[in-house]
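Those letters in the sequence shown? Residues 2 to 315, per this note's numbering, in order.
Everything labelled a hint here was simulated from the structure, so no lab data went into it. For clarity, every value in this text was computed on a predicted model and none was experimentally measured. Treat the hints loosely; a few may be bogus.
Said to hold, decoys possible - So the derived label-pair ranges between C-beta atoms look like this:
1) Thr305 with Arg271: 38 to 44 angstroms
2) Asp181 with Arg92: 47 to 53 angstroms
3) Ala291 with His50: 25 to 31 angstroms
4) Phe173 with Arg124: 50 to 56 angstroms
5) Arg92 with Glu149: 47 to 53 angstroms
6) Gly245 with Ala301: 15 to 21 angstroms
7) Pro85 with Ala272: 55 to 61 angstroms
Unchecked claim - Here are the computed lysine to any residue pairs in the SDA-like style, where the Cα-Cα straight-line distance is at most 25 angstroms:
8) Lys59 with Lys77
9) Lys77 with Pro132
10) Lys193 with Thr179
11) Lys59 with Pro120
Here a beta-carbon is modelled for each residue, glycine too, at the ideal position from N, C-alpha and C.
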Amino acid sequence: MTTGSWWAAALAESVDASRPLAVVCNGEALVLFRDASGAACALEDRCPHRRVPLALGKVTPKGLQCGYHGWTFDGKTGACTAIPNLSADERVPPRYGARSYRVAEASGFIHVWLGDGEPDDARLPGSLYHPQGEEHTGASIVNVAAHEYLDAMLDGPDCLVSFDGVRITDFFLGDARTGDGWLTVDRGAVWKTRMLPPAFVTDHPLIVRTSVSLAGGAALVGLLDADETPLVTVFVASSANRRGTTSLCWRGFRHDARVASAPLRWQIARATGRAPFTVREQIDGAALAALLVAPSRDLAAARTAIRAPIASIA
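Full structure from sequences and hints, please.
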């Protein structure tokens, strides 16, 4: 029984062969880079020699070189391949290797396997994200604990994500549902130009569909019309950073569908290529504290159900 998970740790374009990238994913300090073949690699961001962060080093054709004493580590295995003060005929002891992690690149994200068990490449969080046309991306660290961030995605996504010209209501369109490793809930939404406030709307012209992964920290947020035609899709990868904060990276795009009832502001944004959504980097603490606990209860129950068989076997 596996107890590990795939985590989307960084945007693919943020990881290159010119310099290492330091990230904290699910509380683990990692360094990401690309090796000479262009493959993405992940090592523990700590040199086994003097515990200096490897992200302070540089990428070389032979691997990642520590900036302190020049030890070099293979990106795929973590094996130390060179120590400057060793002669050509001296072998590097195997125990000097850095910890390496399994990496998979998909849907514009660098995924890292954290935990035990054999990784299942078919369960990559980004597998549900299929961009079309121009994307809008970003990365940030927000001052909210990771589990609270995912709970808020279900209980009040408007605290974390907004769509241009759209007001997300408090009205749930049915119960939360689980399937294929995700928990999904739909909310009604309206164009901000409507004269009636959302509380008096009976037929919502828009739907905000939020799905949160039962393992890992992925969230997929979609704006759809009343016929469930996708208008905007946003994939947000979240994980625990240090001191109760959360690492984020995201990608999103506007679908080709045109909406006759959309306000002029929406039409202009579409014509000019302006991002149709915003992932909030500054979160309103008062609004977050005021959220009622609702679908997040189902998320907690579903995650507990997944862990229960593991605990019983142990």
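Checking against the hints above, which ones are violated?
-> 3, 4, 9, 10, 11
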